[in-house]
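There are 2 protein chains.
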Amino acid sequence: MAETTPKPWGETTVVGKPLPRVDAYERVSGTAVYTLDLLLPDMLHAATLRCPHPHARVKKVDFAKALKMPGVRAVLSDADPEANIPWHSGPGGKPASRLFDSHCRHEGEEVAVVAAESPQQAWDAVRAIQVEYETLPFVVSMEEALKPGAPAVQEGGNLGSKPNVYSRGDVDKGFAEADALIEETFTTSCEIQSPMETFVSVARWDGDNLMVWDSSQGPFAVQSGLARLLDMPLNKVRVISQFMGGGFGSKLDLSKHTVIAALLARKTARPVKLALSREESFLCVGNRPAHTMTLKAGVKKDGTLTALQLTGTGEVGAYPGSTTVGGQVMELYSCPNVRTEETSALINAGQNRPMRAPGYVQCSWALEQVLDALAEKIGMDPVDLRIKNFIAVHQAQKGLPYTSAGLRECLMEGAKAFGWKEARARARGNGTWLRGVGVAGCLWGYAGGPPSTVIVGLNADGSVILNMGAADIGTGTKTVMAMIVAEELGVPLDRIRIEHADTGTTLYSAPSGGSKTVPSDSPAVRAAALDLKSKLLELAAEQLKTPVESLELRGGEISARGGSQKVAIGNLAALRQQQALVGVGKRAPNPTGKTARPFAAHFAEVEVNRYTGEIRVLRMVAAQDSGRVLNLLTYRNQVFGGLTMGIGFALTERRVMDQPTGKMANANWHDYKIPTAMDVPAELTCVPVDMHDHEWNNTSTKGIGEPATIPAAAAIANAFYHATGVRARSAPMTPSAVIGLLSQGKVKG
Amino acid sequence: MAETTPKPWGETTVVGKPLPRVDAYERVSGTAVYTLDLLLPDMLHAATLRCPHPHARVKKVDFAKALKMPGVRAVLSDADPEANIPWHSGPGGKPASRLFDSHCRHEGEEVAVVAAESPQQAWDAVRAIQVEYETLPFVVSMEEALKPGAPAVQEGGNLGSKPNVYSRGDVDKGFAEADALIEETFTTSCEIQSPMETFVSVARWDGDNLMVWDSSQGPFAVQSGLARLLDMPLNKVRVISQFMGGGFGSKLDLSKHTVIAALLARKTARPVKLALSREESFLCVGNRPAHTMTLKAGVKKDGTLTALQLTGTGEVGAYPGSTTVGGQVMELYSCPNVRTEETSALINAGQNRPMRAPGYVQCSWALEQVLDALAEKIGMDPVDLRIKNFIAVHQAQKGLPYTSAGLRECLMEGAKAFGWKEARARARGNGTWLRGVGVAGCLWGYAGGPPSTVIVGLNADGSVILNMGAADIGTGTKTVMAMIVAEELGVPLDRIRIEHADTGTTLYSAPSGGSKTVPSDSPAVRAAALDLKSKLLELAAEQLKTPVESLELRGGEISARGGSQKVAIGNLAALRQQQALVGVGKRAPNPTGKTARPFAAHFAEVEVNRYTGEIRVLRMVAAQDSGRVLNLLTYRNQVFGGLTMGIGFALTERRVMDQPTGKMANANWHDYKIPTAMDVPAELTCVPVDMHDHEWNNTSTKGIGEPATIPAAAAIANAFYHATGVRARSAPMTPSAVIGLLSQGKVKG
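Chains A and B supply the protein sequences, listed in that same order.
Taking the numbering used here, the leading residue of the first sequence gets 476, the next gets one more, and so forth.
Taking the numbering used here, the leading residue of the second sequence gets 476, the next gets one more, and so forth.
Hints may contain errors.
Copies of the same chain look alike in the list, so a pair counts if it works inside one copy or between any two.
Unchecked claim - No more than 25 Å apart at the CA atoms, straight line, and that leaves these computed lysine to aspartate or glutamate pairs for DMTMM-like:
no., residue 1, residue 2
1, 742, 969
2, 492, 683
3, 569, 936
4, 896, 1165
5, 1148, 755
6, 742, 512
7, 482, 1146
8, 742, 501
9, 1148, 1089
10, 648, 816
Simulated from the structure, these hints should not be mistaken for lab results.
Using the sequences plus the hints, can you model the full thing?
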C-alpha cells in the first residue's frame, strides 16, 4: 500500500485536460440506470400518506378500505412495532420524533405507507386510507415562532438551539477604533435542494441481508445509518448509488423513505421501490433554511477591519438543526475582534439539511455586502479592501497557516478577466436599465482528508479496474479519478473500468459532498495507481533484466531509459502469468500544523429595470482557488452550476409558506423558480487559480463544488447596489421586492 | 500483500467444522438469483434453431415468416457479418467451424437464432423459420467412423488427432519379465454433463461495455473468451457468475450461446437472455466421450508390475478434442515400462468437453479392473497389490516427489472402515442376489496453484468483506473461504460478506473446476486474511501501547497475552477513523522441485440379480487424500456427489445414438438415466485422509471434486466381478448388458 507522499505532478498528459465524461454515452443515451429507473422482478411500489396539516396529531388511521384495493400488499404506520424507529435527534440528543410519528409537525410528515403492485395502485390506496387528525395551532415563520405565546413546534419551545457564541478579542474596543461602522440586517429565504433525480430507494432482502439501491451522495453513510437503525452489522447491508442525478447535500445521509422501503421489503418479502414525487421532495427532504443576520462591522480609513459582530437566526424547520457557521465564514478576513451569536428557530415546516455550502451562502450574503458598504464608506475599491484584509492563516484554529490561500490571486486574476476597473468606472446608465458591477469573495470550510481506500487492479491485457467507494453525484468524479489512473499508468481512459459507490464491492469513502470528494479521494486513487505502477515496474524489471529505477511507463509501454528494450504492459509475461496485479492506496493524513481551504472571488455585472424590477445578470466571472484542475470541462461544469445556483439564491428561489394554512404554496417546479437557461447569462467565465499546493495532498486539489456558489449571490447584490445605490438586504431580489426597494431608496443616475 | 508462507494451522476453531453453507438460506428459500432467474427490464428472450440432422449443409434460411411474427425483434444467422466468428479449433489450430456454420456436423448445431419479447414468441418464430438442408452421409459410432470409406465428419477424415504416444522403458521386456499377463479391451459410454441449472447467459450492452451474467464455472475465462472473439479489452467485458447450479466441466469456458446472446443484445440494443432447454444441453454443450481402451499389463508373482501398455480411442464428437490422459492415470503405480498410444475418432455428434476428471474416469475403469484381474491371477489381495505398487514420486515428470501422497493411507483406512477383509471373505451368495465387494484407487492430475488474488476488507464495525474471483459452482466455495477468514480474524461467519465471481468487482481467479478451486484460492484467501490481521494488530498495538508481537486476535477481540488489556475490533479508534482496512493475498508459487496430487481409494459392495441383471450398490466407502478438510459437510457433499456420479457412469448413464437417423435417442432426463436417490445407497461413508501436507500450500489442501468420482465405477465393476466371476468390460452395466454377460460367463456360486 502506497501511503507515502509521491512527487507532485509536473507536466501532465491526461490530468487537467477538458475531457468528456467517461460515462457520457450512458448518460446521454439513456442506458444509464439511475435508481429511479431500476426495475427488479416482483418489485412492489410504495407510496406515502403524508400529513396535509402543518401541525396535527394522528388520532386514528383506518386501512380497512385501502387494504381491500387491488394490488395492495402491505401497509405500515406507527401502529407497527417494527416501524417504531426513532428519528431526528432533539435537544440533548433525544429523539424528537419517530419514523411515523403520530405527532406531525409539518405538512408532509409521514403518516403511513402502502406497498402495491404498481405505483398507481399504491397511490390509489394511499388516497383510500382514512385518517382522523386533531389539528393543532401552528407557526410557519421565524418571526412569529419566536414571539411569546407562539404555538410550540417542539415541547421545549421554538428555540432550536441555545445561542452558539464565538468570540475573540473585544468587539466593543474594535468598534471604538473604527473610522467607519456599518450595521445592517440581512435576510435570506428558504431554498430547496431540487436535484434532477428526486429521492428514491429500492430495497430487497435476501434472508437477513439487505440490499438497497439509493439515489445517494453517501452510500456508506446510508449503509451505516441503516445498520444502526435496523441493528445489523455493516456486512449485511449493501448500498449501491451508481448513476446519481444530483443531491446538493440533501442526499448526504439516510432519509426516512429509505428506511421505509427496507421495512416494507422485509414485511412483504419482495423488493420495494419508494420514489418521492417532486412535491414530496419539496416538502420533506431538506432545504437551505432562511436566515436573519445582523452584522456590524468597523473599519479604519486605511481599510483595516477592526471588528465584526454577527447575530443570526436560522429558520430550521420543525426539528433542530445546526446552521451556525458565521464565525467560519468570517475567517476569510483578518480581524482581531469578532463575536458571533447564532441560534435557530423552529417552525412548522420541513427540516433543513445541508445544501451546497450550508450556512456559508447565507452568511456570505451578509458579510460580502457589508464589505461592499464599508469600502464605499471609506472610498476604497471593494477588491482592494478584500485584498487588504485577506489573511493566509486560520484565525480561530490557533493561527494555523493554510497550505495555500489564493483569495488575493482570485481577486486579482478575476478582476483582470472581468475588466473590473473599467466596468466599475462605466456609467450605470440612466434609462430604463441601470447597470452595475459587484464582487464578492469567499472561503469554504473544508478541503477533504482521510479516510478513503482505493484499489486499482490490472488485467492481463493491460486494461485496468478502478475500484473506489466514492459516488459520482453528477460532478464527474468517475471521470477525474479515471484520468488520474490513466495519467499514472499510461493507459487510455477507455481501458479503465470503474467500479464505485457500492458498499459491497468497494471500500469506504466519505459521502460525496462538501467539495471534499476530489481532495479526499483523488490522492487515494493516485496512491493506489502508483502502488500498482511500482509492482508493475518490478515485474518488468525482472523480465527486461534492468534495474527498476531505469524503467519508464508511458503509453501502455514500459521501456528502459536510454535503452532500446521495451514491452507493452499486456505483453509482460509475468502479468500474463499472474493474470492480475493490484495496487491499494489510502489517503495519507493531512499535514500537521497546517490546514487548507478553497477560495473564490466572483464578479457580476447586472442590469436592473427601474420600472419592472427585473434584474438581468449580464455576465459573471468566477475565479476559483480550488487547487489543481483535474479536468477543465467538469471543473467548468461545476463552476457554472454553482453560479447558476447563486443566481437562483439571489434572484428567484424561495419557499413560500402560506401563512393562513401553514402549507407550502409553491411545492412544484412551476411556482418554485429555479433559474432556467433564460435566467443565466451566456457569458460565464471560469478562471482557475492554481497555487500549486503540493503540501495539502498528492494531487494538489482542494475542492470546487461549494466555493463555486458561495459568493455568487452577494456579487450580484453588490452589482445591484452599484447599479441602483440601493442595498438589497433580502434574498431573493424578486421583481416585486426590487420595485419596493427602488421606490423606497433613492436611485441615483 | 502477504505472499510469504504463513505457519500451518494447528488446532482450528472454524476450519474443518461441518458448518452449513453461508448461502443456505438463499438457496433453499429460492431468493438466490441464478442466471436462469435473472429478469432485466426490457429483456428479450432468444431461442435457437438447431440442425435436426446429424450431418447437413444449410442451403437457405428464410426468415420472412418468422420476422412477421408477434414480438420478434431480431434474427441472426451465418448471413450476418457480425456473426462470422470462428469456432472450434481444428487440426493445426485452424478454426473448424463458425458460430453459425452452414456445414452442420451434428444434430443440434446452431443454424439461426431469434430474439423476441417472450420465450414463447421466440420459440414460435424459430419454428416458423424455413431452412433448406442438404443432408449428408453421417456416422455416429466410433467403430463405423474409423472404417475405410466412412462418411467424413471433417475434411481431414475421422481421426481426431494423431496418435499421442508416451513411452518409457521397454514394455516388451516388461511383459517378458512378468509372471502373469492380462490383456483386455474396455469400453465406456458417452456421458453427458447434466447440471441442475442448464446453460444460460444474459447479455446487456451499455455503449461499448458488455455485461454478461452467465451460468459459468469460470467468469474470467468467459470474459477473456468474449474479449478475444469480440475484439474488446478486458475492462469492457464484465462477466458475473454468482449462484450457479453446477457445471461438471461443461461450463469451464465460453459457450456459443453466450456469444450469441452478446451479439443479439448488441443488435437489438436490449438485454437478451438465451437459455438452453434440457434437450439442447444434452445435444450441444459437452459430454464425456466414449472410450475404447485395450490395456495389457504384466505382474510378477510378488505383485511387482512389470509393464503397462494402453491403446485407446476416444469418441470425441464432431470436433477434435483431446482425451489422452492414460499415461497420467497410470502414474499412480510404479512401473518401469509403460507405453500408451491414444487417439480420438470424430463422429457426427456433439463435441466432448471436460467432465469431472476428464479421461481419468474412463482410464480408471480399465486400469483398476486390470489391477483387480492381476491380483486374482497371482492370488494377492487387490488392496495389497495396490499398496505394493504405489509410488510417492511422479514417474514421468523427472521423478518429482509429491509433497504428500496418501494412497496407501486411503487404501488402509478405507479398507478398515469398509471391513474389507471380512467382506471379501464373505460368501457371495447363491440365490437370486449375488454379493461382492471391490476396490479401486486413483490419483488426479492437478492440485492447483497460482494465480489468484484475494482482497479482504474490514468494516468499521469489525465486520468483513471477502472479495474473491472464484465462482461457487455449488460446491460450497463461498462457505469454506469465509471460514478461513473467520478462522484468521476471529469473526463469526455471519459477519462476513462475500463478493465473488464478478470480473468487474473481483480479481482474477481460474475457473472453478479440476478440483483446483480450494487449493488455488484458499491459500490466497488465507494470505489476504493474514495480511489484514497484521494491519489490524498494528493498529491495536498503537492504541493499546503494546508490542504487536504480544497481541492475540480471538473472538472479535484483540488482547495482550498475559495482560488485561483488550479491545473489540469494532471499538478500535484507529479503525473507526480509517473506516476500512484492507488485506491483499496472492497464492504463493507452488514449491519447486516437488509436485502434488490428491489420491483416493473407493470400496463398494454390490448385489447382482442373476435373473434380472439389476445391480444394487449396497454401500460405498471413499477414503480421500485431498489434504486438509476445510468443511466436513461440504467435503462430504462432494464425495457423495462424486460417488453418485460414479454409480451413474458404472450402471446407468449413456448417450444413445440412433444409428439409422443419427440422432440422440435419449436427450431428456426421462430416458437418459442419472442416478436418483433410489439408485444410491443410504450407506455412503467418507474417510478423509489428512497427510498434513504443509508444504504444498498454506492451507494444506489438495482438492476433492475429481478424486471423489474417478475410481468409484471401477470399484463397483470389481465388486460385480467379485459377486459374479464375470468381468464387465463395458460401462454402463445396464440390466440387459448384465444379463448378456451372465449368460455368456460362468457365474460361480
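Comparing the hints with the structure gives:
1. 742 with 969: between (43 Å within a copy, 22 Å between copies)
2. 492 with 683: Answer is between; shortest inter-copy Cα gap is 23 Å, intra-copy 46 Å.
3. 569 with 936: between (56 Å within a copy, 23 Å between copies)
4. 896 with 1165: within (23 Å within a copy, 87 Å between copies)
5. 1148 with 755: Intra 17 Å, inter 61 Å, cutoff 25 Å: intra-copy only.
6. 742 with 512: both (23 Å within a copy, 22 Å between copies)
7. 482 with 1146: Classified as neither: same-chain Cα gap 52 Å, cross-chain 70 Å, threshold 25 Å.
8. 742 with 501: between (35 Å within a copy, 17 Å between copies)
9. 1148 with 1089: Classified as within: same-chain Cα gap 14 Å, cross-chain 85 Å, threshold 25 Å.
10. 648 with 816: within (18 Å within a copy, 106 Å between copies)
In the structure shown, a violation is registered for the earlier hint numbered 7 alone.
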